[in-house]
Amino acid sequence: MIDVNVSLSQWPFRRLANDEPERLVARLRSLGATEAWAGNFDALLHRDFAAVNARTAEICRRFGDGLLRPVGALNPTLPDWREDLRRCAEVHATRAVRLHPNYHGYGLDHPAFAELLDEAGRRGLIVQIALRMEDERCAHPLFKDLTATDPAPLVPLLDRPGRPKIVLLNALKNAAGGGIPRPLLEAENVWLDIAMLEGMEALGRLVDQLGSDRILFGSHAPFFAPEAAKLKLKESPLSPENAEAIQRGNAHRLLAR
Amino acid sequence: MIWDGHAHIAGTGEKTPEAAMARLIVAADRMEIDRLVVSMGVSWTHDPSPDDLTRQNDQLLRALDHWNHRAFGLVYVSPKHVEASLREIDRCVRDGPMVGLKLWVAQRCDSPEADELAHRAEELQAVIFQHTWIKAGGNLPGESTPMDLAALASRRPEASFICGHGGGQWELGVRAVRSLSNVAVDLGGGDPTAGVVETAVRELGAERVLYGSDIPGRSFASQLGKVFSADLTEAQRALILGENLRRLLLPILRSKGVES
Chain A
399 MIDVNVSLSQ
409 WPFRRLANDE
419 PERLVARLRS
429 LGATEAWAGN
439 FDALLHRDFA
449 AVNARTAEIC
459 RRFGDGLLRP
469 VGALNPTLPD
479 WREDLRRCAE
489 VHATRAVRLH
499 PNYHGYGLDH
509 PAFAELLDEA
519 GRRGLIVQIA
529 LRMEDERCAH
539 PLFKDLTATD
549 PAPLVPLLDR
559 PGRPKIVLLN
569 ALKNAAGGGI
579 PRPLLEAENV
589 WLDIAMLEGM
599 EALGRLVDQL
609 GSDRILFGSH
619 APFFAPEAAK
629 LKLKESPLSP
639 ENAEAIQRGN
649 AHRLLAR
Chain B
676 MIWDGHAHIA
686 GTGEKTPEAA
696 MARLIVAADR
706 MEIDRLVVSM
716 GVSWTHDPSP
726 DDLTRQNDQL
736 LRALDHWNHR
746 AFGLVYVSPK
756 HVEASLREID
766 RCVRDGPMVG
776 LKLWVAQRCD
786 SPEADELAHR
796 AEELQAVIFQ
806 HTWIKAGGNL
816 PGESTPMDLA
826 ALASRRPEAS
836 FICGHGGGQW
846 ELGVRAVRSL
856 SNVAVDLGGG
866 DPTAGVVETA
876 VRELGAERVL
886 YGSDIPGRSF
896 ASQLGKVFSA
906 DLTEAQRALI
916 LGENLRRLLL
926 PILRSKGVES
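Protein chains in written order, with my numbering: chain A, 399 to 655; chain B, 676 to 935.
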């Protein structure tokens, strides 16, 4: 199983049972994970992305015997973000970068975001965009006005020359794909994870609508209990082929250059 | 044994209450859930009229008809319509198969009108499930907080309350009802955020924590995941997954002669 939505370090507003790497690795392994794409909670509020990404890479090297695959954090509104991107690709050997536009105060219509897509596409990096990190209704009072990132401005950017591979994290809230424009749901270079997918038999209903080949297993651990995502595969009647694609095959193909 | 304390027939995608209930049971079977506690009808309004309450309760009665061995019902009532609600309680609980009350968002439950409904529930040994939330962006005008429920529960110490959604922001919800032994918290209807179960057990004791899903708007998977992932003893997990709910319902089930 490949979990494409995991974070290291500490959630800013609460300690979590598995926010130490040893425990996180043990929990993911116990559920059958063979690989976990690990971003870093520090990227939400810290500004020294070079340090955040160095820590992410170091933790992934030290813990998990290869289970953890580092995902670099980027903010294209920061000065010299291209150097952060270069270090992700050349120093830390990351295959993916993760963006948190709502925490970093920009929309996907920001010109620098399009430039980031081009640069990531040119380098063959996967771009993960976390549309939200938690239910907005549960936000800390200081963040009560923080809304989820609107994915709509992404639509006209999909065909840019670099053809970046884009993964929308925490985007799907139900099988109807509410809030996500249809062109994104149908785009060949957009993948979606299931961490926040809700509703009875929702994964099966989603596969009925979109097919299974761009749906990825993502748990949003350790903020979410990773068992929740795993049990979604049990709740829906999926063919073995579809279950395998969601749990492993699609992420594996996504990584192929 | 898994008893799910928070289910609905609205939103399954099926056209009739009977079909909706059957669909819930199929998914429940897949997740090894033995019993469901179901409330409200196939379409909802925030402030239901007396006729709407009756219509929704009729739909639920139809849904339960063939599933009395798998599902229990809560009668949908509103503090805005006390007389009509008391009639519905008598019709659906005293004289019918339902085992508790469901209050949603028509009027906050710290109102005196809610006391009358709670008093009637107490007489019938029926549980009272009150939706609660503390929303960062503000609640609906009639939407109760756990603090509202605490106010009601402190006035009716003999009644048995369930704090729906644990208040949403569960770190606050658990605190709000902590001192009230007649209030249990429902885990259903929120994201599978790590720590919710352990926090509730630490502050309330495992005996006051109930698994629920809020199916079909939520998945069984995400809500069960909270309990299966939690750092608990197996005895605590069994209490939360079903034994606590069974214990709360046992008096009224016995009074109805229902095997459980």
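Misleading hints may appear alongside valid ones.
Once the Cα atoms are required to be at most 30 Å apart in a straight line, the calculated DSBU-like pairs of lysine-lysine come out as [unchecked claim]:
(1) A:Lys571 - B:Lys931
(2) A:Lys632 - A:Lys571
(3) A:Lys542 - A:Lys571
(4) B:Lys810 - B:Lys931
(5) B:Lys690 - A:Lys571
(6) A:Lys632 - B:Lys931
(7) B:Lys810 - B:Lys755
(8) A:Lys542 - B:Lys810
Hint data in this document are derived by calculation from the structure and do not stem from the laboratory.
Q. Has the given pair, lysine 810 of chain B with lysine 755 of chain B, been kept, meaning a C-alpha gap of at most 30 Å?
A. holds (22 Å)
Q.
So if I understand the rule, the pair passes when the alpha-carbon distance is 30 Å or less; does lysine 810 of chain B with lysine 931 of chain B pass?
A. Judged against 30 Å, a Cα distance of about 38 Å means the pair is violated.
Q.
Check the hint pairing lysine 571 of chain A with lysine 931 of chain B against an upper bound of 30 Å on the C-alpha distance.
A. At roughly 40 Å apart (the allowed maximum being 30 Å), lysine 931 of chain B and lysine 571 of chain A break the hint.
(Q) Check the hint pairing lysine 542 of chain A with lysine 571 of chain A against an upper bound of 30 Å on the C-alpha distance. (A) holds (19 Å)
Q: Would you mind confirming whether the straight-line C-alpha gap from lysine 632 of chain A to lysine 931 of chain B stays at or under 30 Å?
A: violated (35 Å)
Q) Is the Cα-Cα distance between lysine 632 of chain A and lysine 571 of chain A 30 Å or less? A) Holds, at roughly 18 Å.
Q: Decide if the proposed pair is consistent with the structure: lysine 542 of chain A and lysine 810 of chain B, CA atoms, cutoff 30 Å inclusive.
A: Satisfied, since the Cα-Cα distance of roughly 9 Å is no more than 30 Å.
**Q.** Pairwise hint evaluation, lysine 571 of chain A against lysine 690 of chain B, where the allowed Cα distance is 30 Å at most
**A.** holds (23 Å)
In summary, the numbered hints that this structure violates are 1, 4 and 6.
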